[in-house]
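Colleague: Single-letter residue listing:
2 protein chains.
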Amino acid sequence: VHKQNLVELKQKLEQLHPADIAYILEALPLNERLLVWELVKSESDGEILLEVSDAVRETLIESMDAHELVAAAETLDADELADLAPDLPRQVVYEVMGALDDEEREQLQSALSYEEGTVGALMDFELVNIRADVSCEVVLRYLRRFDELPHHTDKIFVIDDDEVLKGVLSIRKLLVSDPDAEVSEVMATDVVTFHPEDDAEKAALAFERYDLVTAPVIDDAGKLIGRLTVDEMVDVIREESDSEVLNLAGLKEEEDLFAPVIDSLKNRWAWLAINLCTAFLASRVIGVFEGAIQHLVALAALMPIVAGIGGNSGNQTITMIVRALAMGQLQVAQAWRLWRKELGVSVINGVVWGGVIGSVAWWLYGSFPLGLVMTAAMTLNLVLAATLGVLIPVLMQRAGRDPAVGSSVLITAFTDSGGFFIFLGLASLFLM
Amino acid sequence: VHKQNLVELKQKLEQLHPADIAYILEALPLNERLLVWELVKSESDGEILLEVSDAVRETLIESMDAHELVAAAETLDADELADLAPDLPRQVVYEVMGALDDEEREQLQSALSYEEGTVGALMDFELVNIRADVSCEVVLRYLRRFDELPHHTDKIFVIDDDEVLKGVLSIRKLLVSDPDAEVSEVMATDVVTFHPEDDAEKAALAFERYDLVTAPVIDDAGKLIGRLTVDEMVDVIREESDSEVLNLAGLKEEEDLFAPVIDSLKNRWAWLAINLCTAFLASRVIGVFEGAIQHLVALAALMPIVAGIGGNSGNQTITMIVRALAMGQLQVAQAWRLWRKELGVSVINGVVWGGVIGSVAWWLYGSFPLGLVMTAAMTLNLVLAATLGVLIPVLMQRAGRDPAVGSSVLITAFTDSGGFFIFLGLASLFLM
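Chains A and E, in that order, are what the protein sequence lines are. Numbering (my numbering) for the first sequence: 78 to 509. Numbering (my numbering) for the second sequence: 78 to 509.
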């Protein structure tokens, strides 16, 4: 790249929104990424670091010296700093903390004290508070004194002398209210509030359900301590769905597309290893029946069908149940009822599809009993899949574990080994 | 249930938010659901119908007569009506349309004219417009004349005499501005706008990236025709991720948990049928090598491992690529580079894990050549998986298809059949 071009590129980058620069950085291979990163004007460094994915953030932070990192971090609010802190060198965090005023330091420490995935870790502290006993006119005059209202401000929090939340005054309401009306008359008191220990995904569901833009976070005494905004909740929803999909595919986390091979290996090896174990288990089940296969080699060709369809059907059931549990739409008490339904689905599928494939086996290998065994094995494996598809997530939920993690691997392991065992076992009993 | 209880239940339901009632309805089995639905006071029927999932909505609409449906639909805005219209009996839609005024009817027709999944189908028409040449004071007085501002109003749209969008005035800005300042001085002119034909998922990405609450929708001439709000975008993100997960699990769409067995069968049969075909194909590949298996029955036990690990690894690669394509982070031109990287990952995985499992096979069956064939077959199948994992989504994208749909099934089909072919083929060549 020529110097001339670099200057032009720099000018173009300066006009872009930090989120756009983050997006460009993510789409570039490492060397080009660092070149662009060098060009980006430093005052938005902090914001860009917040926007990029974890994997890309690491590469950017590695390329910066402590001085640059401190400069970038100093442009951020306490809650943003808390998001970035875990990725920064400890020395940098201390230096930035030293430069904060007492209130900000307290906010930072409070934000850092909450676990990832809780409301406390996501809340910010840009609160506009008023008292209930003033008029709307006074509120409007008070707001005019701000240089800028906090982003996403759609409501103002009404608190008493002890900072206890009494209600919220929506800006939409404020704008249409009589200026002489008292805040207490126009504020809403049935407010959706959150506690800092609340689960962030549950909070996101509430934002979705009640179409919220911001919501207050209060402590056990009802004291207002922060607020949640919809942009953070959108990120939670996106991350939740991302991790669900990555999980299903056997990836630990999102990868930097252009990460070195070693990083990709690290991200993927755990699931491959688990799958290797379950595949080995299934292989040993087959090993037990080697005599039967030797005797009737058609079994070797047909057995993957029984195992495969069982896995597919089990994953259909388990996905439904896991989703229903996650959305809180399924009580464990109703599992019995659902199981009967899934059983119905699996028996019909088994008889129909098992019948089809059994007929094909009969025609291919000229053996009616073989076809019959195939149909019976398919049906039984589908019944196993339906039963475990309900049972596994419900039991995991009861044991206090997240049913979304690992249940797909578990059911596939069972339907594979189970499918081989059922099919080869039936064949040994009835065909030998 | 006693009459007394029903009265109490009715009172409790009346106090709930429509979204909460929708949530309860979704979690109830059909007969109890309809019981509760009868109790819900009719004025929020329309809103509740909007909130529930498609599958549940069908059951509710079926239970209502035309008169009730018209009453429910009449409580809705044009854009909400457009969402509901496809599920309503045609006669009901006509009747409701007849009761609309000209402007609303035009809006409804416009909303209905855009395809599902476009911005046009999601926009609403609750626009607050002003001219650029008035003062902020005038705007504030104008707003005060509203009974209620449209939900989510965070900005006002500035238009000229031809209704062409000139800028937006954010409420946050309005509140802190000098009342005498002219709108043209304080409005923002670098506005993120959308066209009605734009893809809704792309729009949701923009909302996410720029942390928007509302955004204007304009036509090709720049004329303001509607607006998007973040609550709709959150729904788009949720639905997108839902359909991704359901798709991966082989479900056509979200199921009503308590749907009759027949509905579940309909939702699931297509993927099972496809999987049956691919499994049958793999079975035929094995059939070709029945002689080799007869000769060395250990092959039957080992072959599912080769196929299974290939499928897992291929799904890891394809998930990464599909996500990167969906986020626009991967240009087809870079596919070559990524392929080389995935190749590196797969060769290392093949040599390491293939080596492990090859050693185990050597130890189990006492044959060093068998172990070697196992390792070689694993490596080759992983290379195949990596190659197709990059190639399939890139080719689908180029052909103008959505790479997310069906690519997982395709790669599993290839790595299954391919794995059996490679392993049994190598065994035939070197072990017989």
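Think of the hints as simulated: they come from the structure by calculation, not from any bench. Since the structure is predicted, the reported quantities are computational estimates derived from the model, not experimental observations. Ideal Cβ placement from N, Cα and C applies to all residues, glycine included. A portion of the hints provided could be inaccurate.
[As the list claims (entries may be wrong)] Simulated pairs of lysine-lysine, DSS-like, Cα-Cα distance not exceeding 30 angstroms: (1) A/K89 <-> E/K89; (2) E/K243 <-> A/K279; (3) E/K243 <-> A/K250; (4) A/K418 <-> E/K329; (5) E/K343 <-> A/K300; (6) A/K418 <-> E/K343; (7) A/K329 <-> E/K329; (8) A/K87 <-> E/K343.
[What the hints assert, rightly or not] Now the in silico label distances, taken between C-beta atoms and shown as ranges: (9) A/D276 <-> E/L116: 42 to 50 angstroms; (10) E/E316 <-> A/D255: 40 to 48 angstroms; (11) E/A265 <-> A/L107: 52 to 60 angstroms; (12) E/E225 <-> A/E214: 43 to 51 angstroms; (13) A/D178 <-> E/L116: 39 to 47 angstroms; (14) A/G175 <-> E/G432: 50 to 58 angstroms; (15) A/E274 <-> E/R167: 34 to 42 angstroms; (16) E/M404 <-> A/L506: 51 to 59 angstroms.
Colleague: Each of the hints needs a verdict: does it hold here or not?
Modeller: These are the hints, each one checked on the structure:
1. A/K89 <-> E/K89: violated (58 angstroms)
2. E/K243 <-> A/K279: violated (39 angstroms)
3. E/K243 <-> A/K250: holds (26 angstroms)
4. A/K418 <-> E/K329: holds (18 angstroms)
5. E/K343 <-> A/K300: violated (52 angstroms)
6. A/K418 <-> E/K343: holds (14 angstroms)
7. A/K329 <-> E/K329: holds (26 angstroms)
8. A/K87 <-> E/K343: violated (56 angstroms)
9. A/D276 <-> E/L116: 42 to 50 angstroms: For E/L116 against A/D276, whose Cβ atoms are near 31 angstroms apart, the range 42 to 50 angstroms is violated.
10. E/E316 <-> A/D255: 40 to 48 angstroms: 41 angstroms Cβ-Cβ, so the 40 to 48 angstroms window holds.
11. E/A265 <-> A/L107: 52 to 60 angstroms: violated (36 angstroms)
12. E/E225 <-> A/E214: 43 to 51 angstroms: violated (20 angstroms)
13. A/D178 <-> E/L116: 39 to 47 angstroms: violated (55 angstroms)
14. A/G175 <-> E/G432: 50 to 58 angstroms: holds (52 angstroms)
15. A/E274 <-> E/R167: 34 to 42 angstroms: violated (51 angstroms)
16. E/M404 <-> A/L506: 51 to 59 angstroms: This hint holds: roughly 53 angstroms between Cβ atoms.
Violation of the numbered hints given earlier is confined to hints 1, 2, 5, 8, 9, 11, 12, 13, 15; the remaining hints are satisfied by the structure.
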